[in-house]
Amino acid sequence: DTEVTQTPKHLVMGMTNKKSLKCEQHMGHRAMYWYKQKAKKPPELMFVYSYEKLSINESVPSRFSPECPNSSLLNLHLHALQPEDSALYLCASSHPKGGWDTEAFFGQGTRLTVV
Amino acid sequence: KQEVTQIPAALSVPEGENLVLNCSFTDSAIYNLQWFRQDPGKGLTSLLLIQSSQREQTSGRLNASLDKSSGRSTLYIAASQPGDSATYLCAVRRTNDYKLSFGAGTTVTVRA
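Protein sequence lines, in the order shown, are assigned to chains A and H. Quick note: the first sequence, position 69, residue 69 per the working numbering, numbers continuous. Quick note: the second sequence, position 51, residue 166 per the working numbering, numbers continuous.
No lab work stands behind these hints: they were computed from the structure. Some hints here could point you the wrong way.
Stretch-level coverage of chain H by chain A, calculated; a stretch enters the list once three of its residues show a Cβ under 8 Å from a Cβ in chain A [what the hints assert, rightly or not]: (1) 137 to 149; (2) 176 to 189; (3) 210 to 221.
DSS-like cross-link-like pairs, simulated, lysine-lysine; straight-line CA separation at most 27 Å [said to hold, decoys possible]: (4) H:Lys183 x A:Lys53; (5) H:Lys183 x A:Lys22; (6) H:Lys214 x A:Lys40; (7) A:Lys53 x A:Lys18; (8) A:Lys41 x H:Lys183; (9) A:Lys53 x A:Lys40; (10) A:Lys40 x H:Lys157.
Cβ atoms here follow ideal geometry from the backbone N, Cα and C, with glycine treated the same way.
Construct the complete structure from the given sequences, taking the supplied hints into account.
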């Protein structure tokens, strides 16, 4: 099973709303990632969790708050977003760096629209 | 900083023709290189992973080569089909780094 599952698939939220994106994998990967992708652009790294600890924050605004409750789950909490935050949000997982194989597997994404 | 370039940006071929997609990177100190496929509005599907010590990787109609010293990888897709129409992205992982550096992708259209 090489599946990364993201929910919801689509989300429309107002600028004062609070919502969460969820990501789950059961491949035993101990590194999990959030990427943001705008139309016709490559994915941009936002956060990396390694062994459930935040390893990398690519200077992401605090209105995005990641959480890794356990080794299989990754959440992204959203609050007071702006319309320019509308994008496809992708979750990925891999073995941690230094492992023999760090092939990254991505979920199908959450299409977020901020109105 | 690792810069990844994919040429061409778009490609349109008739069904049955072989596809050649190019990826170049500026820093040869890579751990591995991965090719992905992305359909419109969807996530990324991993196609092939090439470790830095490998020269080539094959899966079905797909073949990817890696020349680390010259900073190049090529993805070959044999006997293209309309279902191969998608955007193909290459991504490079530097040694001892979590970050994947992506190219901008090549959008492929296979005409029936």
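How the hints compare with the structure:
1. 137 to 149: holds (count 3)
2. 176 to 189: violated (count 0)
3. 210 to 221: holds (count 9)
4. H:Lys183 x A:Lys53: Distance of about 32 Å is beyond 27 Å: violated.
5. H:Lys183 x A:Lys22: With a Cα-Cα distance of about 37 Å, the restraint between H:Lys183 and A:Lys22 is violated, given a limit of 27 Å.
6. H:Lys214 x A:Lys40: holds (20 Å)
7. A:Lys53 x A:Lys18: holds (23 Å)
8. A:Lys41 x H:Lys183: holds (25 Å)
9. A:Lys53 x A:Lys40: violated (31 Å)
10. A:Lys40 x H:Lys157: Given that 27 Å is the threshold and the Cα spacing comes to 12 Å, the pair holds.
In terms of the numbered hints stated before, the structure departs from hints 2, 4, 5, 9, listed from lowest to highest.
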